[in-house]
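Please work from the sequences and hints to get the whole structure.
Just so you know, the protein sequences line up as chains A and B, in that order.
The numbers in our numbering rise by one with no breaks, and the one at position 36 of the first sequence is 838.
The numbers in our numbering rise by one with no breaks, and the one at position 2 of the second sequence is 7.
Source of the hints: derived by calculation from the structure; they are not laboratory data.
Hints are not guaranteed to be accurate.
[What the hints assert, rightly or not] DSS-like mimics (lysine-lysine), calculated; alpha carbons at most 27 Å apart, straight line:
#1 B:78 x A:849
#2 B:84 x A:926
#3 A:881 x A:858
#4 B:8 x A:873
#5 B:84 x A:881
#6 B:84 x A:858
#7 B:95 x A:881
#8 B:78 x A:957
#9 A:881 x B:100
[Claimed, not checked] Each pair of labels, with its calculated beta carbon distance range:
#10 A:861 x B:55: 46 to 54 Å
#11 A:992 x B:101: 49 to 57 Å
#12 B:79 x A:870: 28 to 36 Å
#13 B:89 x A:861: 18 to 26 Å
#14 A:829 x B:79: 19 to 27 Å
#15 A:994 x B:79: 12 to 20 Å
[Unchecked claim] One side of the interface only, derived from the structure: several residues of chain A facing chain B at Cβ under 7 Å:
#16 839
#17 857
#18 927
#19 930
Every residue gets a Cβ at the ideal spot worked out from N, C-alpha and C, and that includes glycine.
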Amino acid sequence: MNQMSETKRQQYSVDEKAKVFDGEFYPHIDSMYNFAYRLTFDEDDAKDLVQDTYLKAFRFIESFQEGTNAKAWLFRILKNNFINDFRKKSKEPSKVDYQEVESYYNSDDVNKSITTDLRVDTLKDMMGDEVSTALNTLDVDFRTVIILCDLEGFKYDEMARILDIPIGTVRSRLHRARNLLRENLRLYAKTMGYIKKS
Amino acid sequence: MTKTLQSWIKKNIISRYAMTNCPDEERCLHVLEVILDNESTPEEEQEYFEHIDQCWACYKNYNLEKAIRELIKRKIEKKPVPDDLVKSIKLEIEKLVIE
Ligand SMILES: [Zn+2]
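So, in structure tokens, the structure goes:
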């Protein structure tokens, strides 16, 4: 009874469901598909993941309040789908266990400020593929927060709800993700000769 | 870069900044992040922008971090959604309704 979601359950008729899907759910399919693709790196898997997400949304639509943040609600389902079904099913089992990830988050290497030789004009020369690679090679948890924040424009509190973690963890994870991304970009620039070896 | 240019920059640009090393760069980076994410308070912003007027290290960080954000937004291509995806979802949902 103390759960907001319990007391606020909304009933939908078939027509109303269709209206919510057309008006509030389908407009986000572009973002959902791109998120799914950046999690799985496979077009078919991304399609399946998005489809499963919409089917779950249909089944659990009673827990969605019309007029609230549909995009965040859908992203949360997609993320849970990915973790529960997808990561388990995928051929390569997830190598990272939770403990390992958290201790990595808290390690000094990731956390220390980087005095970088990366420069603004170097970035201007980078191609889309290079930038994508820098992002894609990040561990999935780091990649996810960058996608949610920088590409999808979610706020910290929305990210906290999507990922089921406290806001403080969102912020520290983002900070570490950005340090790693910056380092990837720097290494990339160095290999490509954008930065002179000194 | 020529020597003359280097010394010109040093005299005219870097020397305007009181600090070339920041006393608390890590904290400044955290604040910068919050500012670029549009999650900062007006006080944080005011303090930060007053600080980078005097801190060369943070001024550089500010420009670099801003450029990285823009790079991510501009250069990462969106994949077009497959044409048949919405249609196939609608079909699956119809099946659920019939059941
Ligand atoms: Zn500073």
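Exercise. Which numbered hints turn out to be false for this structure?
Worked result: 4, 18
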